[in-house]
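Colleague: Chains as they are written, first to last, in full-length UniProt numbering: chain H, 1 to 468; chain F, 1 to 468.
Source of the hints: derived by calculation from the structure; they are not laboratory data. Quick caveat: nothing in here was measured; it's all calculated off a predicted structure. A hint or two may mislead.
It does not matter which identical chain is meant; a pair holds if it fits inside one copy or across any two.
[Claimed, not checked] In silico DSS-like pairs for lysine-lysine, Cα to Cα no more than 27 Å straight-line: (1) 273 to 157; (2) 65 to 273; (3) 157 to 103; (4) 251 to 103; (5) 103 to 287; (6) 157 to 65; (7) 251 to 287.
There are 2 protein chains.
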Amino acid sequence: MNAPDNTARRFTESALAEHQPSSIADFHSWWAERLRAGVFEVAPIPFAELNGWYFAPDGGNLVHKSGRFFEIGGMHVAADGGESWSQPIINQPEIGILGILVKEFDGVLHCLLQAKMEPGNINTLQLSPTVQATRSNYTRVHGGNEIRYLEYFRGPKRGRILVDVLQSEQGMWCWRKHNRNMVVEVTGDIPEHEDFRWLPLSQVWRLLSVENLVNMNARTVLACLPLQRPPASAATAGSSFHEALYRSYEKGDGESRSLHSLTEIVSWFTEMKTRNEWRSSLITLDKVTRFSRTADAIADDDRNGFQIIARRVRAENREVTEWTQPLLAPRRQGLAVFLAREIMGVIHVLIRARPEPGLLDRVEMGPSVQLAPTGAVASVVGPEPFYEYAVGTDASRVRFDAVMSEEGGRFHHAQTRYQVIEVGDDVPVETPENYCWLTLDQIMELVRHGHYLTIEARSLLTCVHSLW
Amino acid sequence: MNAPDNTARRFTESALAEHQPSSIADFHSWWAERLRAGVFEVAPIPFAELNGWYFAPDGGNLVHKSGRFFEIGGMHVAADGGESWSQPIINQPEIGILGILVKEFDGVLHCLLQAKMEPGNINTLQLSPTVQATRSNYTRVHGGNEIRYLEYFRGPKRGRILVDVLQSEQGMWCWRKHNRNMVVEVTGDIPEHEDFRWLPLSQVWRLLSVENLVNMNARTVLACLPLQRPPASAATAGSSFHEALYRSYEKGDGESRSLHSLTEIVSWFTEMKTRNEWRSSLITLDKVTRFSRTADAIADDDRNGFQIIARRVRAENREVTEWTQPLLAPRRQGLAVFLAREIMGVIHVLIRARPEPGLLDRVEMGPSVQLAPTGAVASVVGPEPFYEYAVGTDASRVRFDAVMSEEGGRFHHAQTRYQVIEVGDDVPVETPENYCWLTLDQIMELVRHGHYLTIEARSLLTCVHSLW
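With the rest of the complex left out, here is chain H (with noise of 0.2 Å):
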């Protein structure tokens, strides 16, 4: 049967949980341990030195000897007008899990984190989830190590599900990609590696504003964690930014003060959906044009974009200590803002339905500002009209601020500054057609499903969070 679920007052009191003021610095001491015992080497290296990849005969995908893993191929996409381009593309259709395991420690939940690399980490380690593994991986197709506690989100072992969704990833990179986030709460004994901690919500949520620390895979996880609306007296001072910003995720069910209603904003996603009519496709990379192909590089002609290049890695803390890799490296850092606004004595955050060509549905819900895309891109999302507020703003309504690393395993040193701005009525409650004001409890309820959210979204959400 069923039991209550307390599940999202528990999260809320691991993110309200005072740590003692060691804690961070004892964290760092780890982590500064940690980057110390481990070897890490990543070097560059012409296509030729791939071990187990190559280039197929038959249409120049870049493909694995196991039929596994991901390949680069192409994407074709023809944009509304008759306009249309081609470029490579990341393309995994296995899923993987991100996982999190949770335990309560003294009555409070601490998430089990991992000090991990990644060839592509501009900082080698990054803080990632418990377990991250694609399908490929945790079936040993490389035939490396087994994933550490990997056995408690799959088969009998298998703790509490507490979150267990699809959510996609970047669109712009990769075709209809989507990994399983999973949170489980586990009670009995875990064995601790030394690679891995557990921290309560209200460290991890701190740890968020320190540079590329808090890796993709692991902000993704926590944007799925079930939370409640905080007590008012744990508002800084009586801030009247956090007041409204705790009402926010006040549980709506049509007593709460929202902009729109949950059907409303349901329609309007809708409709920005019927409205979108390019189609994107596979094809070959061979038939991939204005991008070039040399030794070391697939690289876009007009180098604004990306490039595809190939990587060896050498890690000792790793299942496997050696391999290489291809990666995708985009030649510019990405810019991710949500603008945050009191409406009502409430804040709303503004979405934009964002058409991203490889999204299995094509259109989800992203920041309120996006930047990344290069031209091509840009013609099927458009222009930013609030990016003035993303740059010229005043510092004191810059809530977060922080770059930080998308997913390593795939993208080369690939970084997004992310940043929370207050807006006040300077951006008005009418917006353009494809925008849309939400409450936070109602971007939680809808990330309780895929095909919501975008992965830059499901990142702003989580710094959000970090903002109690």
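We have chain H already, so just place chain F on it with the hints.
Modeller: For chain F alone, kept in the frame of chain H given last:
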């Protein structure tokens, strides 16, 4: 500002509204009158007599000269374990509107339904939504008359949106087809047309059990309506089945008695999607094997699935009075069954995770038992272990049993027998891993979003509602 939402209460009242004994008789008089008034002729023609449709020289797809509406192409499915097959498929990328207009009369919500002819209907007229129109239809690609009442669903005259969600259609016959399921409330004067009639929900539900009357589009939109737990006093003479059924509509949020939480259900569904390893893709019609094209049909060689045929239509109450089009004609009647069981005093419905190769997200939640798949599709779907409960059951346990039609605008004489069958301890609470017991409130919570319930499951949901 978002007003408190009493839509579920108002539809519940409409479903419980008493109606005069004469009102159903009145309905049937009107219906008989509509049948007499219309002139409908549907005649078989060879493909060569299709007007505006032709087989594309490049690939052989059967397409419309406008490039719009839909086309008959091919689908290739590579199933798990190396099996694969191909078949013709209806490819209609554009999203249409299936919309029901509602309005209060004497304080009771009424639905505006239409007596509408479709060329594939076995009986010409069926009871249809206020509006059912593809985008090509309502942007007038075929140059027909205006679509009645469309202005209440789009543009400045639009009414208040009560439901607006994208839902899938048959994933065995259509490629990623979605339609917008809308319910819109209006308050002002609405001109009445003789083909349309306002009905309270209680009457619509009563009409559901009439063979081939309420069409598929009406059923799916009705399935998306919000409802709440009816008062116990509404239960028929203290029937314990009805009391348990009513409790199944109780809002969840942890306090209700359901076998699983919504989190567990979404987790189960996520697991089912993860396991699915076949791939489907569009191919051209001339690449499809085991189907043969003659002057009149593209027919399955084994006579066990369906064929593509052509029809000429003459209708005098439609926006265009004469046209030709292809249709998909299944060989057999389908069967779709919900097994309903009291668990902890609450009716639960047995849902099966159903892979269908034409579905965008590949797997949705479908009936407990479903027949129609040909041998090839059955290799993806697998056996139907609960089939015996659908056929050999005690008549007193058959709560709903009616043959209804699938979409007559695309399918020719496609009928499905819909059954809701009460079961007891003979169907255990423990299920095979691809099944799950859900309460009606949980199913209704999921149907607020796309990608969850198949079209057959949505039809059955409406059938269950009609048992009130």
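Colleague: Could you run down the list of hints and mark each one as holding or not?
Modeller: Outcome of the hint check:
no., hint, verdict
1, 273 to 157, "between (41 Å within a copy, 21 Å between copies)"
2, 65 to 273, "between (38 Å within a copy, 25 Å between copies)"
3, 157 to 103, "within (15 Å within a copy, 54 Å between copies)"
4, 251 to 103, "within (26 Å within a copy, 29 Å between copies)"
5, 103 to 287, "neither (50 Å within a copy, 55 Å between copies)"
6, 157 to 65, "neither (33 Å within a copy, 59 Å between copies)"
7, 251 to 287, "neither (50 Å within a copy, 53 Å between copies)"
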